[in-house]
Amino acid sequence: MLSTENDKSAASKDSTTEVASKSQEGTAEAPKQKLLDIIGSMTVEVSYRKKLKQLKTREIKKEATNTLEGLDSEHAMLQRTTEDVQGGKPLSPELVEAVSAVASSLPLNKKQTESELLAQLRRHEETTDKQKKGGIINIRNVISEMAVKRQSPVQSGVRISSRISLKVDEDDQRIKPERLSPRSFDSRRSLKVGRRLNIFTKASKETENALKTVSSPTIWDLEFAKEIAAVTAQPPRNGFEEMIQWTKEGILWEFPIDNEAGMEDDAEFHEHIFLEKHLKDFPKQGPIRHFMELVICGLSKNPYLSVKQKIEHIEWFQNYFEEKKELLQEI
Amino acid sequence: MTDGASEVLPSPCTRQVRSYYVDWRMLRDVKRRKLAYEYADERLRINAIRKNTILPKELQEVADKEIADLPRDSCPVRIRNRCVLTSRPRGVKRRWRLSRIVFRHFADHAQMSGVQRAMW
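Chains as they are written, first to last, in this note's numbering: chain A, 244 to 574; chain B, 554 to 673.
Check the hints yourself; a few may be wrong.
Claimed, not checked - Restricting the straight-line Cα-Cα distance to at most 30 Å, the calculated cross-link-like pairs of lysine-lysine (DSSO-like) are:
# : chain 1 : residue 1 : chain 2 : residue 2
1 : B       : Lys-587   : A       : Lys-527
2 : A       : Lys-491   : B       : Lys-587
3 : B       : Lys-604   : A       : Lys-568
4 : B       : Lys-604   : A       : Lys-520
5 : B       : Lys-604   : A       : Lys-544
6 : B       : Lys-618   : A       : Lys-527
Claimed, not checked - Which stretches of chain B does chain A cover? Using the computed rule of at least three CB atoms under 8 Å from a CB of chain A, they are:
# : stretch
7 : 597-606
8 : 609-617
Rather than coming from a laboratory, the hints here were simulated on the basis of the structure.
Computed from a prediction, not measured in an experiment: that's the story for all the values here.
C-beta atoms are modelled at their ideal positions from N, C-alpha and C, and glycine is treated no differently.
Using the sequences plus the hints, can you model the full thing?
As structure tokens, this is what we get:
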């Protein structure tokens, strides 16, 4: 019979835990590290216990499913799991009966164990649904949730472990045990379920207002800022700081010396050399064309002007000759 | 005249800042330099039209008149390389922009980098 086997196994475990707790009490007087180690080991025991419970519930579940009509029952269960009900999903009556039987078999508080087992079953169904839908299960979250919510009156060490959280986040920050809010089980996938990942920081409204007002600095603000800079500017303590100050002011060049410092010529070489396209508006014959071709020849050999300056040069000549058109036509 | 103080420095400068030019002649020289910088491009282009054998002579005469109409202080010929500290017009070394007396004063006090009394 399953129940008697469970009884025996439970009894044996109880005895081992009692013995362990006695030995642990003796060593509790030792320094803090030992205490923490002990508490850590105790949490391990708790999780082991949970795993056993899980195994039991799984066996019971399998039996329940086998007794039913097979696939149809599973579908029904899944459908029920997707319903949104306060406090969890409605489980099949066979499972509930099995849970009650297990709870009665264990020597601990019946109602507490029953509720815990039901909660675990719900979680199981959640995880299986997620797996079927292809969702990512954060195993860490699940395990941490299970370890944190444990509050049995027998093992007081567990409560201490929940306070002194040994679990460390990825950013080396202590995970504080969170309390279940009454709204966490409202919707199937509510935003408050699960541990905070702390990726995004809350954008406070004050900072937004501050950002808006920065856009219009008054003259007085500038003057104030200059005053502050002048007051806080300490004289350089050594030659290095002096050189830094000079570089900021522009007296000293930046090392390693950049030959193109302050020069941002994004144009290619062909834009500098082939300037004939700018001569479109000029007449194709005559002395003016001859003159402009010479100008272009000279510009193409000039490395000191930028492309814009060269184009401006040519445009100035264009304007000049257009103004003198009447004069030229007289000639 | 407080021409030098009209420009606001972007970064705080803790050194001595001269707010006056040494004398009026120096100020006029400064004005000439500014104007010459402004009109440099125009002068170059008009001169390119003038000093030409290709364009017709009438055009070049018109260009002559135009360049004469520009302000007098815009031509670079009127700029005099004065001493920066004493505004002395003569005896100014170009590399240091200082007159010979000032140069000698600083060199003797070892305030000119790389300058030594000659002895051979």
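Structure-based check of all given hints:
no.: 1; hint: B:Lys-587 x A:Lys-527; verdict: violated (39 Å)
no.: 2; hint: A:Lys-491 x B:Lys-587; verdict: holds (27 Å)
no.: 3; hint: B:Lys-604 x A:Lys-568; verdict: holds (20 Å)
no.: 4; hint: B:Lys-604 x A:Lys-520; verdict: holds (26 Å)
no.: 5; hint: B:Lys-604 x A:Lys-544; verdict: holds (20 Å)
no.: 6; hint: B:Lys-618 x A:Lys-527; verdict: holds (28 Å)
no.: 7; hint: 597-606; verdict: holds (count 4)
no.: 8; hint: 609-617; verdict: holds (count 4)
Hint check: a violation occurs at hint 1 only; the rest are consistent with the structure.
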